[in-house]
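Protein sequences appear in the order of chains A and B.
For the first sequence, our numbering begins at 1 and goes up steadily by one.
For the second sequence, our numbering begins at 1 and goes up steadily by one.
Keep in mind the hints are simulated off the structure, nothing from the lab.
Some hints could be false.
Computed cross-link-like contacts, DSS-like style, restricted to lysine-lysine with a CA-CA straight-line distance of at most 25 Å [stated by the list, open to error]:
| no. | chain 1 | residue 1 | chain 2 | residue 2 |
| --- | --- | --- | --- | --- |
| 1 | A | Lys109 | B | Lys86 |
| 2 | A | Lys140 | A | Lys127 |
| 3 | B | Lys110 | B | Lys218 |
| 4 | A | Lys140 | A | Lys84 |
| 5 | B | Lys86 | A | Lys127 |
| 6 | A | Lys127 | A | Lys84 |
| 7 | B | Lys120 | B | Lys110 |
| 8 | B | Lys219 | A | Lys109 |
| 9 | B | Lys86 | B | Lys72 |
Since the model is a prediction, treat every value here as computed from it, not as a measurement.
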Amino acid sequence: MATSLPQPLTERDLRLDLFRGIALWLIFLGHIPSNTVSWITIRNYGFSDATEIFVFISGYSAAFVYGRAMQSAGFVIAAARVLKRAWQIYVAHVFLFAIYLAEIAYVAKNFDNPLYTEEMGVLDFMKNPDVTILQALMLKFKPVNMDVLPLYIVLLIWFAPILWLLLRSPTLALLVSAAIYAVMWMFNLNLPGYPSGGWVFNPFAWQLLFVLGAWCALGGAQRLGRWLNSPVLIGCAVLYLVFAFLIALTWYIPRLAVYVPAFVGEAIYPIDKTNLDVLRILHFLSLAVITVYFVPRNWPRLKHPVFWPAIVCGQHSLEIFCLGVFLSFAGHFVFTEVSNRVLTHFVVSLAGIVIMVGAAALLSWYKRVERQPRPPSKQPGFAEGDVR
Amino acid sequence: MRRIQLLVALIVLAGAEGALPAVAKPVQCRVPGFEAERIFPLPRVARAIEAKRLSILVIGNGSSLLPGPTGKDVSYPVRLQAALSKLLPGVVVTVATDVVPRRIAIDAAKAMPKALAATKPALVVWQTGTVDAMQSTDPDQFSRALEKGINIIRAAGADVIFINAQYSPRTESMIALGIYAENMRWIAMQHEVPLFDRFRLMQLWSDVGTFDLYSATKKLDMAEGVHDCIGQLLADLVLEAARMPGNK
Numbered sequence: 001m002a003t004s005l006p007q008p009l010t011e012r013d014l015r016l017d018l019f020r021g022i023a024l025w026l027i028f029l030g031h032i033p034s035n036t037v038s039w040i041t042i043r044n045y046g047f048s049d050a051t052e053i054f055v056f057i058s059g060y061s062a063a064f065v066y067g068r069a070m071q072s073a074g075f076v077i078a079a080a081r082v083l084k085r086a087w088q089i090y091v092a093h094v095f096l097f098a099i100y101l102a103e104i105a106y107v108a109k110n111f112d113n114p115l116y117t118e119e120m121g122v123l124d125f126m127k128n129p130d131v132t133i134l135q136a137l138m139l140k141f142k143p144v145n146m147d148v149l150p151l152y153i154v155l156l157i158w159f160a161p162i163l164w165l166l167l168r169s170p171t172l173a174l175l176v177s178a179a180i181y182a183v184m185w186m187f188n189l190n191l192p193g194y195p196s197g198g199w200v201f202n203p204f205a206w207q208l209l210f211v212l213g214a215w216c217a218l219g220g221a222q223r224l225g226r227w228l229n230s231p232v233l234i235g236c237a238v239l240y241l242v243f244a245f246l247i248a249l250t251w252y253i254p255r256l257a258v259y260v261p262a263f264v265g266e267a268i269y270p271i272d273k274t275n276l277d278v279l280r281i282l283h284f285l286s287l288a289v290i291t292v293y294f295v296p297r298n299w300p301r302l303k304h305p306v307f308w309p310a311i312v313c314g315q316h317s318l319e320i321f322c323l324g325v326f327l328s329f330a331g332h333f334v335f336t337e338v339s340n341r342v343l344t345h346f347v348v349s350l351a352g353i354v355i356m357v358g359a360a361a362l363l364s365w366y367k368r369v370e371r372q373p374r375p376p377s378k379q380p381g382f383a384e385g386d387v388r
Numbered sequence: 001m002r003r004i005q006l007l008v009a010l011i012v013l014a015g016a017e018g019a020l021p022a023v024a025k026p027v028q029c030r031v032p033g034f035e036a037e038r039i040f041p042l043p044r045v046a047r048a049i050e051a052k053r054l055s056i057l058v059i060g061n062g063s064s065l066l067p068g069p070t071g072k073d074v075s076y077p078v079r080l081q082a083a084l085s086k087l088l089p090g091v092v093v094t095v096a097t098d099v100v101p102r103r104i105a106i107d108a109a110k111a112m113p114k115a116l117a118a119t120k121p122a123l124v125v126w127q128t129g130t131v132d133a134m135q136s137t138d139p140d141q142f143s144r145a146l147e148k149g150i151n152i153i154r155a156a157g158a159d160v161i162f163i164n165a166q167y168s169p170r171t172e173s174m175i176a177l178g179i180y181a182e183n184m185r186w187i188a189m190q191h192e193v194p195l196f197d198r199f200r201l202m203q204l205w206s207d208v209g210t211f212d213l214y215s216a217t218k219k220l221d222m223a224e225g226v227h228d229c230i231g232q233l234l235a236d237l238v239l240e241a242a243r244m245p246g247n248k
C-alpha cells in the first residue's frame with residue numbers, strides 16, 4: 001500500500017503561477033462593468049472564463065502544498081492548516097465586503113435619478129444593515145463579483161477529507177467528486193443565498209474542477225501524459241474550441257445566430273455558469289490540453305522576464321485576487337465619477353494591472369526578507385508555506 | 001469632468017429657461033447598432049390592426065413608470081400609445097398598464113390571468129428581469145416564470161413582446177443582470193417572442209451621448225426623454241413584427 005502512494009511533484013511548476021496570474025488579470029478586467037478592455041478576456045471567445053482557470057489551478061496548488069503536509073505530518077496537521085487558510089480567505093472576504101459597503105453607501109447618498117427608482121431599490125439593504133451584514137458574514141449575502149472567495153472557502157473546508165482519499169485512491173476520489181456533481185444536477189442542490197436563490201458559483205458543481213486540479217497535481221497529469229500528447233486529443237480540443245468560438249461570435253453579432261441550427265441551440269443553451277455546465281468544463285479542458293502541449297513544463301522561456309509580471313501575481317493569488325476586486329470597484333468609480341471614455345478604460349485597466357504587479361513584487365520581497373535565515377531557530381517546516 | 005459638464009449644462013438651461021417655452025430639444029432616438037436581433041410575427045396584433053382596434057397591456061415593474069404626479073403621462077406606455085396612434089391612423093389604440101414595482105417574474109405571471117381578463121389585449125408588453133436580478137432569484141425559476149407567462153398570455157389570445165432591464169451604469173456593480181438577461185434572450189428566441197433590447201439600446205445611447213445616464217438629477221427631463229424614445233422605438237418594433245410575412 002505504502003509503496004503505491006502517488007508522489008506529488010516536487011518542484012514548483014511555473015506554468016501554474018503564470019496562468020493563474022493571467023487569470024487574475026482577466027478577472028480584474030472582467031469585473032469592471034462596461035470595461036472596453038474586457039473584450040480581451042477569454043469569456044468572449046468561448047464558453048469558459050478565467051474562473052475555471054483560477055479554480056482548477058487553486059485545486060492543483062492546494063494538493064501540491066497540503067498533499068506533502070499530509071504525507072509528512074499526518075491528516076490532523078494538514079487539515080488544521082487547510083482550515084487556517086480557509087479562515088484567512090474568510091477574513092479577506094469580509095474585508096472586501098467592508099469596502100463594498102462604503103461604495104454602496106456613497107452611491108446611495110449621492111445618486112438620485114427618477115429614471116432609476118427601481119434600480120436604486122438595490123440600496124435598500126442599507127436600511128437594515130444588521131440583517132445584511134449578518135447574512136454577509138454567513139456567506140449568504142454576496143455582492144456582485146464577490147462570489148469567488150466564498151466558493152474557495154467552502155472548497156477548502158471540504159478539501160481535507162477529499163485530499164485524504166486522493167492520497168490513497170485518486171481514482172475513487174475523482175469518482176466521488178464526479179458523483180457529487182451528478183447528484184447536484186439531478187436534485188438541483190445548491191447552498192442558500194440571500195435574499196433568495198442560491199450561490200452564484202454552486203460549490204457542489206465547482207468542487208469537480210477543484211478536485212480535478214488536485215488529482216492532476218497528485219500524479220494524475222503524469223498518468224495522462226501520453227494521452228495528452230496524442231494528436232487525436234489535440235485535434236478534438238482544437239475543433240471544440242473553434243466550435244465554441246463560432247457560437248460565441250453569435251452572441252456579439254446577432255445576425256449570425258440564424259446560422260446556428262435549432263437542434264444545436266436546443267442542445268447547448270442555456271450554458272449554465274452557476275452549475276458549471278459540462279460545456280464549460282470541456283472548453284476549459286480543451287484550453288488546458290492545448291496549453292500543456294505548447295507550453296511544456298520545462299519550457300526555458302518561462303524564466304524570461306516577459307512572463308515575470310504574470311508569474312509574480314500568480315504566486316500571491318489570494319492577495320492579488322482581493323486587490324483586483326478592490327481595484328475593479330475603484331475602476332468603476334473612476335468610470336462613473338471622472339470619465340467614461342474608451343481611453344480612460346485603457347488607462348484604468350493598465351494602471352490596475354501595474355498596481356497588481358507592483359503589489360505582488362512587494363509581497364515577494366517581504367517573503368524573501370522574512371525567509372532570510374535567522375540562526376537561532378531554523379524552522380524545519382514546509383518549504384512552500386501556504387498556497388500562494 | 002462629468003460634474004463640470006453637467007454644471008455648465010444646468011447654467012445654460014437656467015439661462016435659456018426664461019426666454020424659451022419648455023420645448024424639449026428633438027432627440028435622435030434611433031442609434032446605429034440597434035436592431036432587434038430576431039423579430040417574430042405578431043399575428044394577433046396584425047389582425048387587431050386590420051380590425052382597427054388595437055388594445056395593449058403593459059406588464060412591468062418600476063422602470064415602466066416614472067415617479068411623481070405627472071410621471072404616468074410621460075412614461076413609455078403612454079408614449080407607445082401616442083406613437084402607435086400616429087403611425088396607425090384610423091386605428092383605435094389603447095394601452096393599459098399593470099405596473100407593480102419590485103414584483104418578480106413569477107408573481108407577475110401569477111397576476112396575469114386577472115389583468116388579461118380585465119383588458120382583453122391583443123398584445124402584452126412584458127417588462128421584467130431587473131427585480132429578479134436584484135433579489136437574485138433562482139435563474140431557472142426565472143426562466144420557468146417567463147415560460148409560464150408566455151403560455152398564459154398566448155392562451156388568453158394575445159401576442160407578447162419582452163422588454164429587458166434598463167442599462168443603469170451607476171448600479172451596474174451592484175445588480176448582476178447577466179444571467180437573467182441571457183435566460184430572457186434565450187427563452188424569447190425559443191418561444192419566438194420579439195425582444196425589445198432596452199439594455200442594449202440605453203447602452204448605445206450612453207456611448208453615443210444621446211442621454212447622460214450617469215447624471216444625478218432629481219428632475220424628470222432626461223427620464224422623460226428616455227421614455228419617449230422607448231415608446232417610439234417600441235411602436236416601430238410592434239409594427240415591424242406585425243407586418244412580417246409570417247402573420248397570415
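Q: Would you mind confirming whether the straight-line C-alpha gap from lysine 127(A) to lysine 84(A) stays at or under 25 Å?
A: Since the Cα atoms of lysine 127(A) and lysine 84(A) sit roughly 34 Å apart, the hinted pair is violated (cutoff 25 Å).
Q: Could you grab the alpha-carbon distance between lysine 140(A) and lysine 84(A) and see if it respects the 25 Å cut-off?
A: Distance ~21 Å between lysine 140(A) and lysine 84(A) Cα, so the pair holds.
Q | Hint consistency between lysine 219(B) and lysine 109(A) [alpha-carbon to alpha-carbon, up to 25 Å] | A | holds (17 Å)
Q) Is the straight-line distance between the alpha-carbon of lysine 110(B) and that of lysine 218(B) 25 Å or less? A) Distance of about 34 Å is beyond 25 Å: violated.
Q) When you check the alpha-carbon spacing of lysine 86(B) and lysine 127(A), does it fall within 25 Å? A) Status violated; Cα separation ~45 Å.
Q. Is lysine 109(A) close enough to lysine 86(B), meaning Cα to Cα at most 25 Å?
A. This hinted pair is violated, its Cα atoms lying about 42 Å apart.
**Q.** Holds or violated: lysine 86(B) to lysine 72(B), with C-alpha atoms at most 25 Å apart
**A.** holds (20 Å)
Q. Does the structure keep lysine 120(B) and lysine 110(B) at a Cα separation of 25 Å or less?
A. holds (16 Å)
Q. Can the restraint linking lysine 140(A) and lysine 127(A) be considered satisfied, given a maximum Cα separation of 25 Å?
A. holds (18 Å)
Hint compliance for this structure: hints 1, 3, 5, 6 are not met, and every other hint is.
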